[in-house]
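Participant: The chain contents come next:
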Amino acid sequence: MTRRRYSRGMEQVVSADESRLVEALQAGDERVFEQLTREYNASLLRVAQIYVTSRAVAEEVVQETWLGVLRGIERFEARSSLKTWIFRILTNIAKTRAQREGRTLPFSALERPGTVPEPAVGPERFLPPEHERWPGHWSAKPEPWPEDQLLAAEARALVEDAIEALPPAQRAVISLRDVEGWSPDETCNTLGLTETNQRVLLHRARSKVRLALEDYLAETTYE
Amino acid sequence: MSEIEQLSCQELVELVTEYLEGALPEPDRARLEDHISGCDGCRDYIEQMRTTIALTAGVRHVELSPAAEEALLATFRDWKKS
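Chain order of the listed sequences is A and B.
If you're matching positions, the first sequence starts at 1 in the working numbering and goes up one per residue.
If you're matching positions, the second sequence starts at 1001 in the working numbering and goes up one per residue.
There's no promise every hint is true.
Pairs of lysine-lysine, DSS-like flavour, derived with a Cα cap of 30 angstroms [said to hold, decoys possible]:
| # | chain 1 | residue 1 | chain 2 | residue 2 |
| --- | --- | --- | --- | --- |
| 1 | B | K1081 | A | K83 |
| 2 | B | K1080 | A | K83 |
| 3 | B | K1080 | A | K95 |
| 4 | A | K141 | A | K208 |
So these bits of chain A aren't anywhere near chain B, every CB distance computed over 10 angstroms [as the list claims (entries may be wrong)]:
| # | residue |
| --- | --- |
| 5 | R75 |
| 6 | T91 |
| 7 | E101 |
No wet-lab data here; the hints were simulated from the structure.
All of these numbers come straight from a predicted model, not from anything done at the bench.
Beta carbons are placed, not taken as given, at the ideal position from N, Cα and C, and that holds for glycine.
The following block holds chain A by itself, in its conformation from the complex (with noise of 0.2 angstroms):
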């Protein structure tokens, strides 16, 4: 089953418990961030990578980004939600790095009609168009997934290897939404993408997941 724990979309009015969280960070109380980092930071490296290159640049972004919120939080208006406005400190930090570093903004291209599709399982599996009976259907049908080999160590590693070799924008949807458990709303807002293009990224990304999965147990299973 797919978690479902969304909070209500990014425009939600901050709740009594972070309006708690608020009052307690701005009076220095040291476990509401160690709180906050540890709920948070995953999600800020996830998102920071996208726009620079190397892990290391991206902590240094969380690290600024959590500097940000330290000196802004006495003027925070509760106008978004917390988590809206750390995101949004960390975007604006991620970007004037990225720039700084000369990198353009992968969402960019995206967002250009007639970007090559990347189908999410390849033509060969298919049989062709000018097929008589079936065009268009399996040639090479997938096969039901073995559970127990699912539940090894290194089917999640294998998962986690399939992401971290994704382009950066639809490494960033799929951690979002299927690591994190973002709702979609959130995601769009937060890396300022459409509905539409959030879902064909996330598309993308739990393809290549999929086949990275179906040709790992292809190997564990028959040979």
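Could you slot chain B onto chain A? The hints should help.
Facilitator: Frame of chain A, contents of chain B only:
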């Protein structure tokens, strides 16, 4: 005549994410469900996608290096003093 409206497997695999997101508009959703009711391959394919999503939910969260976490705490303490 229904032939024209039928979805091929190759088309279906590109609609899976929209379908699982609940974002597939009505005539297409019905066509997709009609297709999988008679196609083992596509049923298994969708199941594999669901499994993929479930496995992805179980991967480790990326973490800051211990040094960076230390630095973060130091930043906080400096800020508090200032």
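Participant: Hint compliance check: list the failing hint numbers for this structure, sorted ascending.
Facilitator: Hint check: nothing fails, all pass.
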